[in-house]
Structure formats: structure tokens, C-alpha cells
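Q: Sequence:
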Amino acid sequence: MEISGPTILTADGTYFSFLRPSENLTLNAVARGLANTCRFGGQCNRFYSVAEHSVWVSRIVPEELALWGLMHDAPEAFICDIPKPLKEMLPDYRKIEKAIEGPILEFFGLIGPMPSAVKAADMIMLATEQRQIMNNRDPWRWTLKPLEDATLECLEPQAAYELFIARANELGIF
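In case it helps, our numbering puts the sequence shown at residues 11 to 184.
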């Protein structure tokens with residue numbers, strides 16, 4: 011790939027193009043980026059990666075949506091996990107996120123809008139995470155019920171990377 015336009019060098023040595031997101035895209039680059047990205051802008055009481063969060067989402071959706079759950083935050087491997095209140099103030103960020111989301115998801119065989127069950131699972135995990143790794147233990151303001159039987163591991167980045175890759179492999183992505 012000729013380096014032109016807005017690109018970043020990925021952990022696996024390829025270049026990610028914001029204008030051509032599916033070109034040179036690899037599972038490894040997505041997994042590494044998500045494993046090295048902490049949820050909540052890093053404002054949790056332990057490191058908790060987007061990769062570990064994504065594996066959880068993939069486990070609580072119906073099996074036919076598991077890959078959607080795993081990849082629902084894949085763009086954040088390249089544009090970081092911006093907390094939602096800030097994201098809502100950044101219309102250009104949201105445009106970039108939407109522009110790369112479709113091609114990245116399509117690369118993994120996911121076509122169409124994000125299923126509502128995946129969005130719901132993402133919100134259930136948000137409530138679960140708030141209860142377990144955030145210092146404010148107030149009842150979740152959206153009255154979502156957290157998972158009762160979930161214990162977040164708060165894995166170090168390398169372990170989160172390996173967990174994400176293993177889950178992708180279970181779902182037929184190599």
C-alpha cells in the first residue's frame with residue numbers, strides 16, 4: 011500500500027487508512043488496538059479494555075449475533091474509545107466513526123445496521139461495568155440491570171488480546 015492520506019501504522023506493521031479502512035485490515039490490528047484501549051477514557055478503578063468488553067458482549071447476545079457483538083466497537087481500534095458525552099460534542103468524530111465502521115464490519119462479513127440486540131447487550135455490559143469497575147456505585151441512571159453472574163477480569167492488554175483472538179477464532183475468524 012502506498013502511504014497517502016490519513017493513515018496510521020498498526021501494531022502488526024500494516025497501515026490503516028481512514029479513507030480506505032478495509033484495505034490492509036487485519037484481525038490482529040483490530041484485536042491489538044482494542045486490547046490496548048481502556049474503556050471510559052481510562053476513568054475506571056482498574057484497566058479494562060475494549061477487547062474484554064467486546065468479548066463479553068459477544069457472549070451475551072444470541073449466538074447468531076456473536077460476531078456482531080465481538081466487532082461492535084472495532085472502529086475504536088483505530089479511533090480510540092471516546093466517552094459518549096464527549097463523543098456527542100464531536101460531530102466530526104462521529105462522522106469519521108460512521109465512515110470507517112461500515113467497511114470494517116463488512117471486512118468481517120457483517121452487513122447492515124448494528125442489530126438492536128447487540129446495542130442492548132452493550133448497554134447491559136455498561137451497567138455491569140459501572141457496578142464493578144467504577145468508583146460511583148449509584149444505581150445506573152438508565153435503570154439497566156447488570157449481569158448478576160459476570161465477574162470482569164480486567165485483563166492486562168496481552169491477555170485481552172489473546173482472549174479477543176481466541177473468541178474470533180471460535181466464531182470462524184482467523
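Please note that a few of the clues may not be correct.
Unchecked claim - In the DSSO-like style, the derived pairs of lysine-lysine whose C-alpha atoms are separated by at most 27 Å in a straight line are:
#1 K105 to K155
#2 K94 to K105
#3 K94 to K108
#4 K129 to K155
#5 K108 to K97
#6 K94 to K155
#7 K108 to K129
#8 K97 to K129
#9 K129 to K105
#10 K129 to K94
Because the hints were derived from the structure by calculation, they are not lab data. As the structure is a computational prediction, the values presented were derived from the model and not from experiment.
Q: Looking back at the hints listed earlier, which ones does the structure fail to meet?
A: The structure breaks only hint 1.
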